[in-house]
Amino acid sequence: MVKRLKKFFAGTYLGLMLLFLYAPIVILIVYSFNQSKTLGNWTGFTFDWYVQLVQTPEIMDALAVTVSVAAISSVVSTLLGTYAAIGLYAMKRKTRVVYENISQLPMVNPDLVTGISLMLLFLFVGLKDGYTRLVIAHITFNLPYVIFSVMPKLRQSSDMLYEAALDLGCTPRQAIRKVVIPDIMPGIVSGLILAFTLSIDDFVISFFAGNGVDNLSMYIYASARRGVNPALSTIIFVPVVALLLVVNLRTIREEKNAEIQNRKVGLKN
Amino acid sequence: MKRSNAKKKPGTGAFRIKRSLFAGPYIVWMAIFILSPMLLILYYAFTSDGSFTLEYLRAALGWDYFRVLLDSVRFALYTTVLCLLLGYPVAYLLSRMKKSTAALLSVFFIVPMWMNFLLRTYAWKVLLGAFTNILYTESAVLLGMVYNFLPFMILPVYTTLIKLDESYIEAASDLGANATRTFLKVVLPLSMPGVVSGVTMVFIPSTTTFAISQLLGGGKTMLYGDLIYMKFITEQSWNAGSALSVILLVFVLLSMALMKKAERGASEEEGDRLW
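Taken in order, these protein sequences are the chains called U and W.
Be aware that the first sequence starts at 1, since it is given in this note's numbering, and climbs by one per residue.
Be aware that the second sequence starts at 1001, since it is given in this note's numbering, and climbs by one per residue.
Rather than coming from a laboratory, the hints here were simulated on the basis of the structure.
Each hint should be verified, as a subset may be incorrect.
[Stated by the list, open to error] Pairs of lysine-lysine, BS3-like flavour, derived with a Cα cap of 30 Å:
#1 U/178 - U/6
#2 U/3 - W/1185
#3 U/3 - W/1098
Construct all of the structure, not just a fragment, from the sequences and the given hints.
Given below as structure tokens:
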């Protein structure tokens, strides 16, 4: 009885917390199918907000900017970051520590300071193109996350593989491409996904480093006072949640299988 | 045999140097886009029209601006305490569940970390505006901050709690401790490393947050991030803005060093208990 009561309270608490975390988003998404312009007043189902969304050029432009900047910056930072990790890993400890500490700067730095420092640099060198500025800024803040996703995999993989490949006649470049990279692939993939989601979500750094070209976050910030089309929340949240669930559910299923396996073993004993 | 030896030589001799060369493009990138921007901030903070001055740094440490920093720290402390009070029970309850259920549920608690923070904050603005009268007050700003940073507290605490060895809890109850005592004397001390990193992950971003107070506070609550924004964008005063950024950075580095120390202390304590 006490146990059941405990379970009930635990469930209620977790449920309330999930409600707290998701209610605002869910309400915004529900509201995007409402005919009425005011929240809390349901007058009927409609797709009008979505039609309007497609017909607002600023939103479509911002969407294109967000997705393309995320794609370009995540691919470039994954390439640069993977080779950087391989290179850093081969360095002497002392040199490596210096470079790794500098690499951590964008992670330690408040986003605000990173954004402003990049803004100062772009103004200093006279780079005006807003899109290029965004791409450079995003590559820069993604790089450390890629490096720190790849590094642990490099530590796990054996140096012998690389040397064996060289002994068997590979050039260093071939050895990296055909032996080292396949071995650390999981780290590279998670670095890429991390970089993509970070880039899609970024506001603060883009806001300061950018110049006239808006991504979705910047668009929302600029139009928050007069109101943002609620349909925007659906197209931002649904893909991200779906992506994260797909990535995570695989690990969960493995865990569940292991649990079932354990139970079976337990029964046999 | 001969051929393979001939091939091996250029490989082994040159490869240590060669392999580190793969980091070359990144190092160039880092020098241009990480190091030099930081040097520019330092340059502007310590100069006025190109000549050295401490004027801006002194102004940044003056009461008018320092007060804003203290205000931000106060907000960040409230946020951290609330996140800990709300988040610790979540992490604890999750860690006591069946592994597969916990894994699934924990994903739902962590997913919000990856969702556009501006849109989440905007959602609260709409909600608070429609159903309450606290929009554009300090409470709204605090609510927005707790909401945004809560997952960052849950995740590290949860990670330490699931690693906790079940047998400690069993031992404690075998030796006659009740549930409360077991929690206070065993679970809580052992989860301190997670609590410390959760506090770091919430406190530091919430001192430097920008835009939450503008969206939910309506410009009435000025935090340090908003002050820096004002100096750079509204007043176009790069020197004053850079000086404030330097102060913020120093503050962040100091608090991180402090947390690192606390973290080491927490895990040492755990070590003591283990042996």
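Hints, verified against the model:
no., hint, in the structure
1, U/178 - U/6, "55 Å, violated"
2, U/3 - W/1185, "22 Å, holds"
3, U/3 - W/1098, "15 Å, holds"
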